[in-house]
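Engineer: The residues making up each chain are set out below.
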Amino acid sequence: MEFTTPVLNYTLLSPILILLGAALISVLVEAFVSKALRPITQLSITLGALVLALVQVWRIRNEQSLTAAMGSVIIDGPAVLMQASILIISIISVFLIADTEHFTALAASLPGSDEERQAVQSGNQVTEVYPLTLFAVSGMLLFPISSDLITLFVALEMLSLPLYLMAGLSRRRRLASQESALKYFLLGAFSSAFFLFGAAFLYGYSASVTFAGIRDAVVGSGGNDVFLLIGISFLSVGLLFKVGAVPFHAWSPDVYQGSPTPVTAFMAAATKVAAFGAMLRIYYTSFANAQWSWTPMLTVIAIVTMVFGSLVAIAQRDVKRMLAYSSIAHAGFLLTGVIALNKAGLEASIFYLFAYGIATVGGFAIVTLVRDAAGEVTDLNRWKGLGKRSPWVATAFAGFLLSFAGIPLTSGFIGKFSIFSAAYESGAKSVVIAGVLSSAIAAFFYIRVIVLMFFTDPVEDGTSVEIPSALTSLSVIFAMIVTIALGVFPAPVLNLISDLATFIR
Amino acid sequence: MLNSLTLLMALPIIGSIVVALLPKTKETLAKQVALITTLIVAGATIAMAVNFQRDNVDLQFVEKYSWIPTFGINFAVGIDGLALVLILMSTVLAPIVVLAGWNEAHGGRWSVKVFYILILVLETMMIGVFAATDVFLFYVIFEAMLIPVYFLIGGYGTGQRSAAAVKFLIYSLFGGLLMLASIIGLYVMSGAQGGHTFDLQALSQLEMSSTTQNFLFLGFFIAFAIKAPLWPLHTWLPDAADSATPGTSVLLLGVLDKVGTFGMIRYCLTLFPDASKTFTPMILVLSVISIVYGAFLAIGQRDLKRLIAFTSISHFGFITMGIFAMTSQGQSGATLYMFNHGFSTAALFLVGGWMISRRGSSTIADFGGLQRVTPVMAWSFFLAGMSSLALPGMSSFVSEFLVLVGTFTRYPVHAVIATFGIVLAALYILIPVQKALHGPTTAGNENLSDLNLREKIAIAPVIAIIIALGFYPSPLLKVINPASAHVIAQMGFTDPAPTNGDK
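Protein chains in written order, with the numbering used here: chain A, 1 to 505; chain B, 1001 to 1503.
These are calculated hints, taken from the structure and not from any lab test. Just so it is clear, CB atoms sit at the ideal spot from N, CA and C, and this is done for glycine as well. Be a bit skeptical, because a hint or two may be false.
[Said to hold, decoys possible] Which bits of chain B does chain A cover? Going by a derived footprint, with three or more residues having C-beta under 8 Å, they are: (1) 1019 to 1026; (2) 1147 to 1155; (3) 1465 to 1479.
[Stated by the list, open to error] If you only want the chain B side, here are some residues facing chain A, beta carbon under 8 Å, derived: (4) G1107; (5) Y1139; (6) E1207.
[To be verified] The list that follows gives simulated cross-link-like pairs (lysine to aspartate or glutamate, DMTMM-like), each with its CA atoms no further than 25 Å apart: (7) A/K343 with A/E101; (8) A/K35 with A/D76; (9) A/K183 with A/E63; (10) A/K388 with B/E1027; (11) B/K1167 with B/D1366; (12) B/K1277 with B/E1027; (13) A/K384 with A/D499; (14) A/K343 with A/E63; (15) A/K343 with B/D1366; (16) B/K1435 with B/D1495; (17) A/K183 with A/D76; (18) B/K1167 with A/D76; (19) A/K343 with A/E466; (20) A/K429 with B/D1199; (21) A/K343 with A/D318; (22) A/K384 with A/D372; (23) B/K1024 with A/D457; (24) A/K183 with A/D254; (25) B/K1478 with B/D1055; (26) A/K343 with A/D254; (27) B/K1167 with A/E63; (28) A/K429 with B/D1274; (29) A/K429 with B/E1207; (30) A/K384 with A/D254.
All chains, full assembly: derive it from the sequences and hints.
Structural biologist: Spelled out as structure tokens, the structure:
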């Protein structure tokens, strides 16, 4: 047997490599650096690595390569855009993660045990969330550039496993947090199994695990179509689970609620970009010619997802659960970009993902600020009169909600417009109509929160708004500026996207 | 330089920035800045109207800047006679509203400053929504202007203000989203036929099947019918008018609702001429129902603000009927009606608002014999009422007459039924006039104060305009007529020949 030396293009892979290297260093820091220096060291390493990776992504933005890692990753315009979005979202999420108040002092201890109490009293805060974040981000960077099913699966696990752990790190309500982590893990494991099952069938169909090989088989239509159908459906289950589409959404409200809010922000925004990035690539390249076999399925799922998400969100009394259902509805809107299957659809999806991700981090950042003596207050009834007590915080939250609702002059509107027009262009009018109607339903519960904050008198129950730390303010301000700027003057970003957004195969 | 619509739109925004920079305690200064800004804008608009070429049916004062080139979106503005009249009405009403409602911001949830910032931002949008010639720009302003109104009603209104604000917002958003679907349809079709664009002129040349046209038309029409509001989509209006401050109500009913009827002419008729013809019978029936239904409900109202709201529903029925009668008199009448309705509603709401704030009640039965106690206020209300019932000599008479004549030549049955609306109008105005102004002074009204100088200055121009245009409407009609004739000609209609009586 002949052995070929692997050839890697280190420049093109550098964003991922930087993060993995930093993650390893970060693990060592956790072990060897004194507890006083640990938080600041970890934060600097994490932010430094993310910024460096972003710079690298920017430098390779015009590169295209099929062979960066022996044919298992593709570097092209959409890859660069997705990676850049993930990194920017991660950076502003890390600003929130930096507030150690949200994380348990000793995750390994039993909730309520002496050990835990001791750790809290001695101020011995462990900071394992940073290496976990770095591992997760590197998995997310790999996910949308994978070009075969094996790499895709590795990336999926690489991004998921740290997230399962991060979900369980909450300082308050630790049992709920651990429950949500377990739930996320179990359901995630199921969906991984489905994913692998689908991958096996696709291999059976095309005798290849690479996207290009599957594409050739689909174009040549030589294989067994039943295998293809089973393969596509089961692979889709795995991917739809990650984006939280109905009926694979059940984990998301519980996990969003149980996780520490900074983790929720990171997970909600960055995972969605990564998962949709991978989904867009595989559907737009490998499965494009088998359009007839998956568009009806995805159309139904998209419609059900947006209608269900919007309707159920109305009934929520907890701000994190409400945002979870709203994110389900947004997953439905984003699926219309996959269904569109044209260049406009790809561009719109990338724009939407970025805009939505940034606004989501901003929204959750606000959630971290509203607290009482026992930690965050997520019960919406206690958000009454927030506009009176802290007008700026309430105004910023209202801005993010209006962007979610797709009101003009916010980024959400441009995103919605571009994604719906792409879907309409491809003939998927039913999705557009369902999308418009569920936007109307969704507007209702976003507005209800605005009413609560501005038009209801405050209740005196000790709820107060924390004075945001410098980093949290930075992340809210950045998110707000991006949300408004992309709504009022989106031309530069749209131009950049339309220059770069072409998949190579 | 002075004839720039962009500049006109920028002025109120500049004013609002100045107000925002003022310290919170300087409330009077904020009001003065707002008043001066709106006066400058009104002056600039009048100057523009003077420079407007009346016989030219093309868009004038055209400006176009690239905004989002990826989607072919431009910041494009330009006005014809129709838009000019409505912009003129909006900018003239704005300083009157500011002056008349000098103290109405004090009962609000937020500071006086915020109130005037919202009003000024709203004024920019009111100009923009009528001036836009890019459908996307129009949509953006159409939706964005809901936000300041929402906060004006919910933040400064009375009674069930937040419920009313939400109802208003949800109704409007729902209609807006339907319109968005139609706009996306137009955009995609323009892409298939020579390149993506939102230019109104280019979109009106699109070829589309009649089914598509019907669906897209409905998207636009329902949005406008909610705005206008047409029966059965009107239920948000009485609540909103009931809760809003008088000044906000004037802007809401007088200006914002006109966006609906303006949109019907500018967008429904221009973009979908065939679909407009298809739906005309249905729309006319709805208009007639609105006229009669609004009038009957107005008669039954015990509350002054709700009464005015229902009279408006009746009046919007007239306007919609005039638009869809497809005759040039009908069109001209409808446009003139929009202008006149703005002023007569303003008079009713402002004087009504003063009565209510003095008496501390908006129930009509609480008033009585005001003519003796507060003669100026009573006479102002009387004149406003006469204008609302379209008494000859008042401006609304001219427009109502034109609408009926224009409708009669093509749809005599509708016109005849609508004429009953005039009879009912006499009832719904004269009954409250009699109850509130005449008769013995009822208890609690003896010590009401009459209008002060500020209030007199505010109401005088409104009444002057109503009476002047009642006797001499031709300056406005000269601007409106060419534009209306142009719309009708574009639709492929000619006015039916008058029937001779001796046949």
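Engineer: Run every hint past the structure and note whether it holds.
Structural biologist: Hints, verified against the model:
1. Residue count for the segment 1019 to 1026 of chain B with a Cβ under 8 Å from a Cβ of chain A: 0. That is fewer than the three needed, and the coverage hint is violated.
2. Counting residues of the segment 1147 to 1155 of chain B whose C-beta sits closer than 8 Å to any C-beta of chain A gives 4, which meets the bar of three, so the coverage hint holds.
3. Given as covered by chain A, the segment 1465 to 1479 of chain B fails the check, having 0 residues with a CB less than 8 Å from a CB of that chain where 3 are the minimum.
4. With a least beta-carbon distance of about 14 Å to chain A, the hint placing B/G1107 at the interface is violated under the 8 Å criterion.
5. Interface restraint check: B/Y1139 against chain A, minimum CB-CB distance 7 Å, threshold 8 Å, status holds.
6. At a threshold of 8 Å, the smallest CB-CB gap from B/E1207 to chain A is about 17 Å, leaving the interface hint violated.
7. A hinted pair counts as satisfied when its Cα atoms are at most 25 Å apart, and A/K343 with A/E101 does not qualify at roughly 44 Å.
8. Annotation: proposed proximity of A/K35 to A/D76 is violated, straight-line Cα distance about 42 Å (limit 25 Å).
9. Restraint check: the Cα-Cα separation between A/K183 and A/E63 comes to about 40 Å, which exceeds 25 Å; the hinted pair is violated.
10. A C-alpha spacing of about 19 Å is found between A/K388 and B/E1027, which places the hinted pair at or below 25 Å, so the restraint holds.
11. Distance restraint check for B/K1167 and B/D1366: the Cα-Cα separation of roughly 28 Å exceeds the 25 Å cut-off, and the hinted pair is therefore not satisfied.
12. At most 25 Å may separate the alpha-carbon atoms for a hinted pair to count; B/K1277 and B/E1027 exceed this at roughly 52 Å.
13. For the suggested pair A/K384 and A/D499, the alpha carbons sit about 45 Å apart, so the restraint of at most 25 Å is broken.
14. With a C-alpha separation of about 19 Å, the suggested pairing of A/K343 with A/E63 holds against the 25 Å cut-off.
15. Pair hint A/K343 plus B/D1366 does not hold up; C-alpha atoms about 66 Å apart against a cutoff of 25 Å.
16. Restraint check for B/K1435 and B/D1495: the C-alpha separation of about 44 Å exceeds 25 Å, so the hint is violated.
17. Restraint check for A/K183 and A/D76: not satisfied, since their Cα atoms lie roughly 36 Å apart, outside the 25 Å limit.
18. Distance restraint check for B/K1167 and A/D76: the Cα-Cα separation of roughly 48 Å exceeds the 25 Å cut-off, and the hinted pair is therefore not satisfied.
19. Annotation: proposed proximity of A/K343 to A/E466 is violated, straight-line Cα distance about 44 Å (limit 25 Å).
20. The suggested pairing of A/K429 with B/D1199 holds, with an alpha-carbon distance near 23 Å, which does not exceed 25 Å.
21. Between A/K343 and A/D318, the direct Cα distance comes to roughly 38 Å. Violation of the 25 Å bound is thereby established for this hinted pair.
22. Of the supplied pair hints, the one linking A/K384 and A/D372 holds, its CA atoms being roughly 14 Å apart against a limit of 25 Å.
23. With a C-alpha separation of about 21 Å, the suggested pair B/K1024 and A/D457 falls inside the 25 Å cut-off, and the hint holds.
24. Between A/K183 and A/D254 the alpha-carbon distance is near 8 Å, which keeps this suggested pair within the 25 Å criterion.
25. Between the alpha carbons of B/K1478 and B/D1055 the distance comes to roughly 8 Å, so the proposed pair stays at or under 25 Å and holds.
26. Between A/K343 and A/D254 the CA atoms are separated by roughly 35 Å; this puts the pair beyond 25 Å, and the hint is violated.
27. Of the supplied pair hints, the one linking B/K1167 and A/E63 is violated, its CA atoms being roughly 52 Å apart against a limit of 25 Å.
28. For the given pair, A/K429 sits about 22 Å from B/D1274 by alpha-carbon distance, which is consistent with the 25 Å threshold.
29. In summary, the hint linking A/K429 to B/E1207 is supported, as the alpha carbons are separated by about 19 Å, within the 25 Å threshold.
30. With a C-alpha separation of about 24 Å, the suggested pairing of A/K384 with A/D254 holds against the 25 Å cut-off.
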